[in-house]
Each structure stands twice: as C-alpha cells, then as structure tokens.
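Quick mapping for you: the protein sequence lines, in order, are chains A and B. According to this note's numbering, the first sequence is numbered sequentially starting from 1. According to this note's numbering, the second sequence is numbered sequentially starting from 1.
Fair warning: there could be bad hints in the mix.
Just a few of them, taken from the derived set where beta-carbon distance is under 10 angstroms, the chain A residues facing chain B [as the list claims (entries may be wrong)]:
(1) D191
(2) M296
(3) V302
(4) A313
(5) H317
(6) N326
(7) L377
(8) L378
In silico negatives: residues of chain B with every beta carbon more than 12 angstroms from chain A [said to hold, decoys possible]:
(9) R17
(10) I49
(11) R63
(12) S133
(13) K181
(14) D191
(15) G224
(16) G266
(17) R282
(18) A294
(19) E296
(20) L319
(21) K377
(22) L380
Below, simulated EDC-like cross-link-like pairs (lysine to aspartate or glutamate); rule was C-alpha separation at most 20 angstroms, straight line [what the hints assert, rightly or not]:
(23) B:K382 with A:D257
(24) B:K280 with A:E7
(25) B:K310 with A:E4
(26) B:K280 with A:D365
(27) B:K310 with A:E7
(28) A:K149 with A:E118
(29) A:K28 with A:E7
(30) B:K382 with A:D261
(31) B:K310 with A:D188
(32) B:K310 with B:E244
(33) B:K238 with B:D149
(34) B:K382 with A:E275
(35) B:K232 with B:D149
(36) B:K382 with A:E4
Bear in mind the hints are in silico, worked out from the structure with no lab data behind them. Backbone N, C-alpha and C define an ideal beta-carbon position, used for all residues, glycine too.
The primary structure of each chain is shown beneath.
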Amino acid sequence: MNFELNEDQAALAESLSRLLADRYGFEKRRALTASGAAHDEKTWAGLAELGLTALPVPEALGGFGGGARDLLPAMQAFGRSLSMEPFLASAVLAGTALRLGADEAMQTRLLPGMASGEIVSAWAHDEPAGRHAPLWVETRAERKDGGWKLDGIKSNVPAGGLARYFVVSARIAGAPADANGCALFLVDAKDAGVALREFRLVDDTAAGELVLTQAAAQPLANPEDSTRTRLAIQGTVAAGIAAVCADMSGAAQAAFDLAMDYLRTRKQFGRLIGENQALRHRASEMLVSLEMARSMAMAAAVAADDASAEDSAPDLHRAKLSVARNARNVALGAIQLHGGIGMTEEYAVGHYLRRIHVLDQMFGDADAHAARLAAALL
Amino acid sequence: MDLDLTPEQRAFRDEVRTFIREKLPSEIRERLRAGHPPRKQDTVAWQRILNERGWAAPHWPKRYGGADLGPMERLILLDEAYRAPAPLPQAFNVGMLGPVLMKFGTPAQCDHFLPRLANLDIWFCQGFSEPGSGSDLASLRTAARREGDHYIVNGQKIWTTTAHLADWVFALVRTDTEARKQEGISFLLIDLRTPGITIRPIHSIDGEHHLNEVFFDEVRVPVGNLVGQENKGWDCAKFLLSNERTGIANVGLCRERLDYARELAGRYTQAGKPLLDDPKLRADIAMLEAETRALEITNWRFLLTDSEQKRLPAFASVLKLKGTELQQEINALLARIVGPGGLERRSADEVTHGPIAPRYFLSRAASIYGGTTEVQKDILAKAIVG
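Next up, chain A with everything else stripped away, as it sits in the complex (with noise of 0.2 angstroms):
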C-alpha cells in the first residue's frame, strides 16, 4: 500500500501549480469569462510544454503512457484552479476513447498531435435520453456511399467548440440502451453534416450540443466488434470518473482554504468570527468531508488504471458518489462560513459549487452510482 506521489508526479504537480498560479489567479479566470474566451491560449500552451497534454498518451506515440493515477495531482490541480482547460474533453476522455477504440493506423494519425496540443478532440457519447444510464446510445450510424452517416444529438459535450474531431458513439443496429450494437466513430468538427450549438455550463466552462445530421464519420476500428467497442466507452468513462473526483476533491481543497483563511480574518461582533464553536465545528465536519474525497480520489484513480481487479467496478462507483457527496458538503459548508459574500459571483468560493455541481452531474450522479451499486447488491 503506498498514498504517496512518486517523484514524477511530485515534481509535474508543483509546475502546473505554479502555472496554474500565474495565469488562472481567480480574477485572471473571471477576466477570461468575460471575454468571452473559451480557455487561456496560453495555458493550454504551457500544458503542452510541462508535457501534460502527452502525459495520457502511449510512449510509442509521442506521449508519456500516465494513468490515471500521474493524472490525480494534475487533475486536483485544474480543480482548484477552476481551470476551463479542454484537458478532461480532450486528453483524457477523447485520448482514452482512442488508445482503447481506436486501430493503429487513427491513434497514429491523431494522439501525436494531440500528445503536443495541437489538436483538440471532444467525447460526443451522453444523450438528453439516457440522462445517467451509462451506455444509452440512440445516435444511429449507417452505411452510405462505401462510407459511415451519423444521425443523432449529443448533449453537453465538453469543449465541444474546441474540437476539431469528435469521438462519437452511434449505433449500428439493437435499441438504445442494449449493451452491445454500438461503434465509436471520429466526425470531423468541419463536415458539413455537423451542428455544434456552443454554450456554457453553469460553472462557466464551455461544451455544446452536438446535432449530427448524415455526418460523415470514420469508425474508428472494426464496428462489428461490440465488445471492443463497449470495454472502449467503459474504459473512457472510468478515466472520465477518476479524474472529475479528482478535480472535485482539488475543488474541495480550494473551498475548504478559502473557508479556513476566512474564519481566520473576519471580524464580527468584535472577534474574529473562527472562535466560535458553532463555526469552528463547521470547519471541522469539512475537513472529514474532504479527506474522505481525497481518500475516494485516490481509490478512483487506482480502479481506473487496474481495470481488471476485483475491487475496481465497485471502488469507481463509490469514489464517484463519495466524493460527490463529500466535496459537495465542503464547498456548501465553505459558502455558510463566508455569509452573504459567499453568495456574490465576484467571489471565488461559490464557484467551487458550480464546479462540482458539473462534476456531479458527468459519467453518472451520485444517485445514479448510489442506485447502480444497490442494483449490484442483489
């Protein structure tokens, strides 16, 4: 058993911290909201540099060959800083839809390129239907002209306006929710036959709607091959899991720092309002909160990459409502701590809520884990 970061992970940790300090302070965020921009340039440039776009990638490709435990610290990181980096749509949904769907003639064609940055690529699989029913593809694929035509909707598909390719999924015969039928396919952003309506999530970050209309897709491997193609979607939905729980528990962290700062500075009634016992309790129910989600961070991150233990089904759905649950709690109790300045979106601790609210609601809510482990208990 070992919880420690190796020195790697350590030392790739501390520089994207301090980059993340210096180009995404929370007033430097809230300037990039409200210019409109989708992400810093040059932050996603500067991920490119610490190698942290290549760290997903296999090393035959240009990349690292991370998982998703070097991931944690990173993604702990980008949830502190409330980051709106396409890193999660991207190099690790996309990327892990890839390495684990795609043959090798697509990963070599794409993770290269996506290892250095320079090309974004967006996972295209949720359904307004299937809500948090993991596997509910309606989105039908169809052979055409010696080609493949997608027809269907994806909805708040992350960084979707960033993308220059989608990886989709689509159906090629069975019903929506059947486990098997389904293929993965690459749709470029700039075919004729794809809509993209841009939005923004309530936490500021932006993704999309995805309207597919005989687009033109690319299999990514042989389509016939269900299995593949359903270990690829769980595969990529268990790296999805691992780093958001990651992301909420470094959001967590940040609300809970910013509580404590707080309880420590505030004057009322003259003393500072951190002596009192009613608050300080508070504080305390939050910090057991927050090592309980940075506890199932850890257990997400290791059932990630250990795919195949015996623990690991079982530990992602618990990590994935754990830590909803948790961090939820500690960004709640933050806001309490903070009164009516808690509540103004000039300040940063109530968006660590909008975050994790996000979080909660991608790959499954902690209702839906709740009530798939309940399902398992039969």
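Since chain A is already given, all that's left is putting chain B on it; use the hints.
Below, chain B without anything else, positioned relative to chain A:
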C-alpha cells in the same frame, strides 16, 4: 500509489484468517454475529489462544509477549477479528495500559504486569472519568495522599466500563491539590480487592450492565504501584489517549455490521418479499458501504504514511468522528431492518436473536466515550482554524 497488500501481507492475512477459522469456537462467533457483546469468559478464552501466537498484543515487543508487528499487520489482525467475528483483545490491558507501562513504568512493573496483561490473567479497567470530570478530565478530584509507603485514595470514579469484571483499575488521582490542574495528577494501579472499594452498577440504555461507579474510601495503595513520577500522571494519560489509533476508526466493525445488515435484509421479509428487494434500502446500504470504503482508505492513508501524519497530526480525530458516525448509522440501519421483529426483549442466552435494537441504543455511546464528537471537533478546529 496503490491500495494492495504486499504478497507478505496477503500471506499474513491468510494465515490469520485460517488461524481464526480453525481456533475460534463457533458458539462465540455466532453470538457476536448476532450482535451480542462478548462475554468475559469468551474474551479471556480467545485472548489466551491469540496470546500463544503473540497476537494478543501484536504491537508489543516479543520479550513481553507481543509479536513486534507494524501498523499494517496490526490492522490486518484487527480486520480479521472483526470479519470472523471474534472477540477483540481486551483494550484496557493491551491497547492502553501496556504501552503506558512500557513508556513510563519501572522494569519491575513491566516484568510483572505485561505478561499478565497479554494473557488476560488480570483484567484491568480504566478509572479516569468522575461525576464532575467528563470531557474536562483534568478537573478530576479523586485524591491520593502519601502516608509512608502507601497512597491513601479517596473519591469516586464513574462510567467505569467492566469494573465489575475487573481485577485491577488504572486510575488518575490528584496528588497535589495546590498545583495547576494538569500538574497535580498521578497514575496509580489499584487492586480492586483492596478494602475500601465499592463498585455499583450503572445500567445503560441497552438495558445491560457495562458501566459502574467505583468508590474509594481510605484505600491503601502501595507506592510501588505509581506509574511514572508523582504529579506527572497527566503525561501518562495524554500518551494513553493519543497512542491508541489503530483501532479508532473501527472500519472492520462497520464492514462486519454492514455484511450482517445485508444478510438480515435478505432474511427478513415484508409482505412475503425480502427487504433487500427494496431499492431504497439497498441504496442506503450501498451508500454506507461507499462511506466505509472512504474511511478505510483514509485510515490506511494516515496510519501508514508519515507525510500525511505530519500534514495533519490531529488525524485521529478525523478517524474517530467518521468512524463513530458510520457505526451509529449502521446500527440504526440494522434496527430498521429487524423492525417490529426486534422489539421483543430477549435473554442473552438466545444466541440467534441478538440484541439489535438495544445495540442501536448503545451505539449512541460511541460519540460520547473516548473524547466526545464535540471534543474531537474542537481538536480539529484548533488544528485547522487555530
């Protein structure tokens, strides 16, 4: 970063599991599984079996009957005991007094007491709390005055768990009434057969007798039974209270009770259907299992990682807070599951019908003893707010 046991630890776990399976009498196992507290004779019998392997006091040095085991191996022993379930080694002897004697006691005290503590030849109880001194322990008033080779003890202890089963008590007594409250306290070992001691039962809300009042009236204690220096007993107490961290989270207990909740939910029916068919109940179990896993990893993280201990020296309070919260929620869940079927008050001889509802009542003590939930929150707040 990984959450796996090493091959050696895995082998040790299997060895412990096999040992318990082969040696633990099934009647003891069944009683504990059903929710009965361990009887004295069961604890004694099992601890002596463990002691033959050095596993009664696994963290003690071998020369005193321990096995010199590290924190992970201790946790494995503890988890396997809960998993069985088997009685735990008597905590006052092994977890509390033993380490205090090794740190503060004389060689003669160590040689005399430690082997007897490990083998449970003598049963110690803890005389700390007093009617006027609960969470504010250092305000205690039970006094000991020196007369020749003896201390003469007068006063009263309360909430003394298992005093009625015990042979000895380790007690905090005031030996200097002038000094600041922490500075006039001494740590004494007192033979409960000494004249002048009266033990009265206190029945707790589970209807059982675990707790006692202990009265001291001109009780003569040889000065050789002083542990550490006179008026320095608070150091012993602080060490004792901070030393016992391995078992504080009670992860194994949570897990065993959750497994039993699943088992009962499959066995109890409502309108002809197993309770486990209820998705709400299943989701509640799943949620508690997830939080138990979070506690388990947090427990490992702090107990096994120096850098984490340095980052948050008060980590034991995190473990105690979350552990007691979960124990209480799980006991409440069990009481919900047995429902109306758990209302009939039964005798302790009915092995298969454990006292599930009474044990739920008793579980409320977990957030009161060993530093209340509020005291733990004060400790954490000092660490994080200042």
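Legend entry - Violations among the numbered hints, reported as their numbers in ascending order: 1, 4, 16, 17, 18, 19, 20, 21, 22, 24, 28, 29, 31, 33 and 36
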